[in-house]
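Working from the sequences, and respecting the hints, build out all of it.
For the sequence shown, our numbering gives the first residue as 285, with consecutive numbering after it.
Derived from the structure by calculation, the hints contain no laboratory data.
There could be a bad hint or two in this list.
[As the list claims (entries may be wrong)] Listed next, with one range per pair, are the computed distances between beta-carbon atoms: (1) 419 / 373: 16 to 22 angstroms; (2) 389 / 492: 35 to 41 angstroms; (3) 388 / 415: 17 to 23 angstroms; (4) 319 / 394: 37 to 43 angstroms.
[Claimed, not checked] Below 20 angstroms or equal to it, Euclidean Cα-Cα: the simulated EDC-like pairs (lysine to aspartate or glutamate) are: (5) 393 / 380; (6) 452 / 289; (7) 414 / 380; (8) 287 / 459; (9) 421 / 440; (10) 512 / 459; (11) 287 / 511; (12) 316 / 504; (13) 287 / 495; (14) 409 / 301; (15) 409 / 380; (16) 385 / 412; (17) 303 / 501; (18) 417 / 371; (19) 287 / 455; (20) 385 / 418; (21) 491 / 429.
Please read these numbers as outputs of a predicted model, since none were measured by experiment.
Where is the CB? At the ideal position from N, CA and C, for every residue including glycine.
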Amino acid sequence: MVKIEAIAVDVDGTITDGKRRICHSALDALRKAEDAGIPVIISTGNISHFSYAVATLVGTTGGLVCENGGVIYQDGYNNNEVIILGDISKAQKAYDFLLEKFGEDIPFKIVEDSDARVSEIAFYKNMDSKPLKELLKDFDVEVYDSGFALHLTDLDVDKGTGLVELAKLLDYNIESIMCIGDSENDIDFLLAGGFKVAVANACDELKEIADYVCQKEYGDGVAEAIDKFLFNQC
Numbered sequence: 285m286v287k288i289e290a291i292a293v294d295v296d297g298t299i300t301d302g303k304r305r306i307c308h309s310a311l312d313a314l315r316k317a318e319d320a321g322i323p324v325i326i327s328t329g330n331i332s333h334f335s336y337a338v339a340t341l342v343g344t345t346g347g348l349v350c351e352n353g354g355v356i357y358q359d360g361y362n363n364n365e366v367i368i369l370g371d372i373s374k375a376q377k378a379y380d381f382l383l384e385k386f387g388e389d390i391p392f393k394i395v396e397d398s399d400a401r402v403s404e405i406a407f408y409k410n411m412d413s414k415p416l417k418e419l420l421k422d423f424d425v426e427v428y429d430s431g432f433a434l435h436l437t438d439l440d441v442d443k444g445t446g447l448v449e450l451a452k453l454l455d456y457n458i459e460s461i462m463c464i465g466d467s468e469n470d471i472d473f474l475l476a477g478g479f480k481v482a483v484a485n486a487c488d489e490l491k492e493i494a495d496y497v498c499q500k501e502y503g504d505g506v507a508e509a510i511d512k513f514l515f516n517q518c
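Dropping the structure here:
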């Protein structure tokens with residue numbers, strides 16, 4: 285197993301429970317890792333403002349991968365401005381197609397924070413992602429299911445490419461990053477890192493590629509993985 289020098293962790297469904305509340309066990313474990321000199325990267329489909337708030341609350345220092353890889357950020361870099369990797373016009377074209385097709389009967393409701401998104405468009409999850417993927421197969425977008433929302437993201441970016449770009453920016457060894465996630469949009473992200481962890485509530489597709497599947501769900505699984513592979517307590 286590679287020596288872990290950083291941790292990249294998803295938010296919704298990974299460090300949070302099913303009601304999107306941050307688990308105390310994950311909070312304690314991530315802070316313990318930071319105290320031991322292991323920087324923690326927040327990797328999420330959420331917007332940068334939300335992600336920064338999470339990082340501040342938890343006390344992480346490893347940087348942010350936001351909007352499913354469409355945005356990266358680290359304090360002190362790029363004049364403290366986000367770096368936009370995704371082209372939101374691709375998502376807008378796909379959304380315009382949906383508006384034309386469904387009109388006022390469009391079955392997708394945009395999430396409230398969409399005005400703050402700079403690289404993608406997100407819908408509340410009220411249906412499976414497969415029909416939407418089929419509808420938009422000819423557009424330059426990927427449809428990601430985060431478990432809480434459906435995201436239209438530039439086909440050329442994902443949480444994996446975002447992690448790679450952040451690693452280059454901050455001089456991390458990508459092979460030394462342990463990645464922890466739970467859902468479909470975490471697949472590319474886990475594949476980019478050196479050690480892949482799926483919490484127990486993860487989707488089957490993520491479990492299939494994981495190096496380790498936790499016995500515990502949500503934040504308890506995050507704590508389990510950190511204790512086991514960083515501190516040898518499990």
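Would you mind confirming whether the straight-line C-alpha gap from residue 512 to residue 459 stays at or under 20 angstroms? holds, 18 angstroms
Compare the distance between the alpha carbons of residue 385 and residue 412 with 20 angstroms, and conclude whether the hinted pair is satisfied. holds, 18 angstroms
Is 37 to 43 angstroms respected by the C-beta to C-beta distance linking residue 319 and residue 394? Holds, since residue 319 and residue 394 (Cβ atoms, about 39 angstroms apart) stay within the stated range.
Take the C-alpha atoms of residue 316 and residue 504, compute the straight-line distance between them, and say whether it is at most 20 angstroms. holds, 14 angstroms
With 35 to 41 angstroms as the target window, see if residue 389 and residue 492 comply at their CB atoms. holds, 37 angstroms
Straight-line Cα separation of residue 287 and residue 511 no greater than 20 angstroms? OK: residue 287 and residue 511 at ~14 angstroms, within 20 angstroms.
Given the proposed pairing of residue 409 with residue 301, does the C-alpha separation stay at or below 20 angstroms? The hint holds at about 17 angstroms.
With the threshold set at 20 angstroms, check whether the alpha-carbon distance from residue 393 to residue 380 stays at or below it. OK: residue 393 and residue 380 at ~13 angstroms, within 20 angstroms.
Are residue 287 and residue 455 close enough, with their CA atoms no more than 20 angstroms apart? holds, 16 angstroms
Is residue 287 close enough to residue 459, meaning Cα to Cα at most 20 angstroms? Holds, at about 9 angstroms.
Run the distance test for residue 417 versus residue 371: straight-line Cα separation, threshold 20 angstroms. Roughly 18 angstroms separates the two Cα atoms, so the pair holds.
Given pair status - residue 501, residue 303, alpha carbons within 20 angstroms: holds, 13 angstroms
Every hint from the earlier list agrees with this structure, and none is contradicted.
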